[in-house]
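Novice: Residues per chain are reported as follows:
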Amino acid sequence: MAKKLISLTVNGGKVQREVESRVLLIHFLREDLMLTGAHIGCETTHCGACTVDMNGKSVKSCTVLAVQADGAQIRTIEGMAQADGSLHPLQEGFRTEHGLQCGFCTPGMIVRSYRLLQENPNPSEEEIRMGIAGNLCRCTGYQNIVKAIRYAAERMQVKEAAE
Amino acid sequence: MNVQAPVQEREAALEGIGCKRKRVEDIRFVQGKGNYVDDHVLPGMLFGDFVRSPYAHARIKKINKEAALALPGVKAVLTAEDLIPLNLHYMPTLAGDVQAVLAHRKVLFQNQEVVFVIAEDRYIASDAVELVEVEYEELPPLVDPFKAMDPGAPVLREDIEDKTVGAHGPRKHPNHIFNWEVGDKQAADAAFARADVTVKELLSYQRVHPSPLETCACVASMDKIKGELTLYGTFQAPHVVRTVASLIAGIPEHKIRVVAPDIGGGFGNKVGVYPGYVMSVVGSIVLGVPVKWVEDRIENLSATSFARDYHMTGELAATRDGKIVGLKAHVLADHGAFDACADPTKFPAGMFHICTGSYDIPAAHVEVDGVYTNKAPGGVAYRCSFRVTEAAYMIERLIDILAQKLNMDPAELRWRNFIQPEQFPYNSALGWEYDSGNYPAAMHKALDAVDYNGLRAEQAQRLADFQAGKTRELMGIGVSFFTEIVGAGPSKNCDILGIGMFDSCEIRVHPTGSAIARLGTKSQGQGHETTYAQILATETGIPASMIGIEEGDTNTAPYGLGTYGSRSTPVAGAACSRAGKKIRQKAQMIAAHLLEVHHDDLEWDVDGFQIKGLPERRKSMKELAWAAYNSVPPGMEMGLEAVDYYDPPNFTFPFGAYICVADIDVDTGETKIRRFYALDDCGTRINPMIIEGQVHGGLTEAFAIAMGQIIDYDEAGNVQGATFMDYFLPTAVETPRWETDYTETPSPHHPIGAKGVGESPNVGGVPAFSNAVNDAFAKLGGIHTQMPHTAPRIWGYAKGLGLVA
Numbered sequence: 000m001a002k003k004l005i006s007l008t009v010n011g012g013k014v015q016r017e018v019e020s021r022v023l024l025i026h027f028l029r030e031d032l033m034l035t036g037a038h039i040g041c042e043t044t045h046c047g048a049c050t051v052d053m054n055g056k057s058v059k060s061c062t063v064l065a066v067q068a069d070g071a072q073i074r075t076i077e078g079m080a081q082a083d084g085s086l087h088p089l090q091e092g093f094r095t096e097h098g099l100q101c102g103f104c105t106p107g108m109i110v111r112s113y114r115l116l117q118e119n120p121n122p123s124e125e126e127i128r129m130g131i132a133g134n135l136c137r138c139t140g141y142q143n144i145v146k147a148i149r150y151a152a153e154r155m156q157v158k159e160a161a162e
Numbered sequence: 000m001n002v003q004a005p006v007q008e009r010e011a012a013l014e015g016i017g018c019k020r021k022r023v024e025d026i027r028f029v030q031g032k033g034n035y036v037d038d039h040v041l042p043g044m045l046f047g048d049f050v051r052s053p054y055a056h057a058r059i060k061k062i063n064k065e066a067a068l069a070l071p072g073v074k075a076v077l078t079a080e081d082l083i084p085l086n087l088h089y090m091p092t093l094a095g096d097v098q099a100v101l102a103h104r105k106v107l108f109q110n111q112e113v114v115f116v117i118a119e120d121r122y123i124a125s126d127a128v129e130l131v132e133v134e135y136e137e138l139p140p141l142v143d144p145f146k147a148m149d150p151g152a153p154v155l156r157e158d159i160e161d162k163t164v165g166a167h168g169p170r171k172h173p174n175h176i177f178n179w180e181v182g183d184k185q186a187a188d189a190a191f192a193r194a195d196v197t198v199k200e201l202l203s204y205q206r207v208h209p210s211p212l213e214t215c216a217c218v219a220s221m222d223k224i225k226g227e228l229t230l231y232g233t234f235q236a237p238h239v240v241r242t243v244a245s246l247i248a249g250i251p252e253h254k255i256r257v258v259a260p261d262i263g264g265g266f267g268n269k270v271g272v273y274p275g276y277v278m279s280v281v282g283s284i285v286l287g288v289p290v291k292w293v294e295d296r297i298e299n300l301s302a303t304s305f306a307r308d309y310h311m312t313g314e315l316a317a318t319r320d321g322k323i324v325g326l327k328a329h330v331l332a333d334h335g336a337f338d339a340c341a342d343p344t345k346f347p348a349g350m351f352h353i354c355t356g357s358y359d360i361p362a363a364h365v366e367v368d369g370v371y372t373n374k375a376p377g378g379v380a381y382r383c384s385f386r387v388t389e390a391a392y393m394i395e396r397l398i399d400i401l402a403q404k405l406n407m408d409p410a411e412l413r414w415r416n417f418i419q420p421e422q423f424p425y426n427s428a429l430g431w432e433y434d435s436g437n438y439p440a441a442m443h444k445a446l447d448a449v450d451y452n453g454l455r456a457e458q459a460q461r462l463a464d465f466q467a468g469k470t471r472e473l474m475g476i477g478v479s480f481f482t483e484i485v486g487a488g489p490s491k492n493c494d495i496l497g498i499g500m501f502d503s504c505e506i507r508v509h510p511t512g513s514a515i516a517r518l519g520t521k522s523q524g525q526g527h528e529t530t531y532a533q534i535l536a537t538e539t540g541i542p543a544s545m546i547g548i549e550e551g552d553t554n555t556a557p558y559g560l561g562t563y564g565s566r567s568t569p570v571a572g573a574a575c576s577r578a579g580k581k582i583r584q585k586a587q588m589i590a591a592h593l594l595e596v597h598h599d600d601l602e603w604d605v606d607g608f609q610i611k612g613l614p615e616r617r618k619s620m621k622e623l624a625w626a627a628y629n630s631v632p633p634g635m636e637m638g639l640e641a642v643d644y645y646d647p648p649n650f651t652f653p654f655g656a657y658i659c660v661a662d663i664d665v666d667t668g669e670t671k672i673r674r675f676y677a678l679d680d681c682g683t684r685i686n687p688m689i690i691e692g693q694v695h696g697g698l699t700e701a702f703a704i705a706m707g708q709i710i711d712y713d714e715a716g717n718v719q720g721a722t723f724m725d726y727f728l729p730t731a732v733e734t735p736r737w738e739t740d741y742t743e744t745p746s747p748h749h750p751i752g753a754k755g756v757g758e759s760p761n762v763g764g765v766p767a768f769s770n771a772v773n774d775a776f777a778k779l780g781g782i783h784t785q786m787p788h789t790a791p792r793i794w795g796y797a798k799g800l801g802l803v804a
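Residue numbers (numbering that gives the first Met the number 0), protein chains in the order written: chain L, 0 to 162; chain Z, 0 to 804.
Keep in mind the hints are simulated off the structure, nothing from the lab. The structure displayed is predicted, hence computed values, not measured ones. Heads up, some of the hints might be wrong.
[To be verified] Each computed DSSO-like pair below joins lysine-lysine, with the alpha-carbon atoms no more than 27 Å apart:
#1 3(L) x 74(Z)
#2 404(Z) x 798(Z)
#3 671(Z) x 146(L)
#4 322(Z) x 162(Z)
#5 581(Z) x 611(Z)
#6 158(L) x 21(Z)
#7 32(Z) x 56(L)
#8 21(Z) x 146(L)
#9 21(Z) x 184(Z)
#10 146(L) x 798(Z)
#11 199(Z) x 404(Z)
#12 581(Z) x 491(Z)
#13 162(Z) x 60(Z)
#14 32(Z) x 13(L)
#15 146(L) x 19(Z)
One chain only, chain L, in its complex shape (with noise of 0.2 Å):
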């Protein structure tokens, strides 16, 4: 099958590769260039599993080609932490509210959360259950994810504030 060259950019690092114009951009991003942070739970945009950052927007990487993602700037799981290694603090608080537990739906759900908190730095409990509304979690029941988004936010404005 004819192949296509794209160009993007994955978590600050520049990427080209030349990939079937059928591949969907979960499974380059897992397979061509090995970031697994990103999961695959239904092939249909339901779950969430596979959300990554795309120009700005959270896109269910399992119903996007890649071809789509010639020259995007895209943001995974794996680009969430600081080059220093530390904790973004929606990663921080996940694991201090217990914001998950098998782990699966937890980098979609960080990274949408991610765009949640850029678009709206201080949502309420409402306006985060409807802002993760994307993403399924088998496992918590999301009382204990919206406490880590909650905690995130509180943390990312005190940075904020600081700085």
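Could you slot chain Z onto chain L? The hints should help.
Specialist: The following block gives chain Z in isolation, referenced to the frame of chain L:
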């Protein structure tokens, strides 16, 4: 002389039992560094995919592989005919039946595995699936379990048509699997004959699916030179998988390594052995390279492991003042096309006979008939211990129905029938010995917490307003007081394929005082790496942060029966405690040697031994670990290791009181869960943070089951609801807020008194939701409406009661 930190400080440093320790697993998970099955890539790995049946019941006339084989990148196309010479076209199930690996002559459910294709990548495999031509002759489907044993019913299992005796006794019909009964029928009949009041209701617990976010998957790798098979997979019970693989494939068990890496949720879905696993192994043996198989979501929901599908006709008999004198039940169990239920061998209906619940019922009799239908096989315990959810649902609904008939408050009726604290250990009419409980105390705390009387007064006012035309919203209060039976189990009555349901822990303490412990269970999100270390920390005095926990690799972990049925804490947790005590015992001998005293002159103090009355003369566990490698007493072996295989003397019996408050709009059928209070008693609490998380998750699954989940079939046997578009998984928006609470009644027979908690909220939650919905209509002529309580169904129910124009 050692200068000791205060006791509290040293205890805190251990992060032992009772500590809200943060999870060690999360460090990798929050960074996307979990290691799940689909993350595994082996050199030369191929990808397998199935051609599945579009029909529920059909004869296979012809299979044409040519076009698929001609596609570049396709390596093999396998059918049942290819498996027959290997005798692998059928595999044994855990329930004593066989299941087709690839359909042989007939297909028996929609999406059944018919052909396995293996190709260079998953895209080519998908293309090849499309190119395989299968010619079918449709046969009449059997969908309704109530018609399975009709004289003219189509015979589904031609492979066992002549077998008049199955794994669990005589079969009455070619579509009959088993009849199983327990209890004293004569005594139950007599109780009903003399009772003032009786109730009888058909309570159907619909077919649902556990649907973990990660589907089932495996990578099989056969090294033909060494004759060794490595199998990575989504296995809740990896050791059992190794034994089954050895029995099926004829490879000696020591030549098989099964690895369950990180698992993205199980909930019972990952207990069984599926055709995808077998075909990956076959593919790897045939082709000599690794073969990966990963289910997609439709395959997961429609082919691997449904749960429930129990149609329970339950009856209670009582005196006029509400003392229950008897229980009877007949269950029609729809097992689908093959009996692949995951139950201990002797119990074809699992622990269903816990269905007398939390009540002192003197006479009871239960009978279960299992039947085949043209539906997917399975019958797994979706977040419960072997049919306990079904049992709890039946008794908790029946209690409410009886209360309604007696015109008594449902909490009051429960109160009058509780097994009393002084009756423990309590022997139930159906043969269980309940270990411990204080039901009235738990119920009291729950009713107070929600101001139960206030809620009932509000509900009465709401009903009056509804009847006066002032509101169109009804209020329902659902009470559920459940008792579980978990921690399977005593080898005297529990085995899987003849292997007793023990579990195990091996611990090795290193010279510098850290340790590695390995167990026979397998976490799928429960946090074992965190909690087992807490148990060992308390027992050995080694900080939890210095104890690594490993599970899931059969080459290193001791044999165990895996994680399901809330058995990890009751069984492997007990093995942890006992292995830890063995470490401590050896350390005590070493300490006595070093301190030059008799070991009886020593006492344990948090993290070391001290001479009685001379606390400044002590040896810490860290010092003793070092000494174990250089200064042991004469005649003692070097090293500091312990192994424990724990065969529990009994099950454990967690319990709880749940109260759900719902508001129902009769014109739309929409239900709002206003409040949900859950009190759990799981005995000794190892990590309260994790317990709370388990309760939140289990309640959310209970909410999903009660309010929306169903794997339904149309008349032609087409599966309805096999995508996330149709199958209800609640999002953060629909999910109610949870209030948790607890009492703590330790198990008297468990080394640390722990009972297990992961499944309690699902077991107790479902009846609480259903009771709340039914309670809203109880004074308007409603007796029972079947789950799931979706808006259209509730609206239809309200309409049937004449409440909607």
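Novice: So which of the earlier hints does this model not fit?
Specialist: 4, 9, 10
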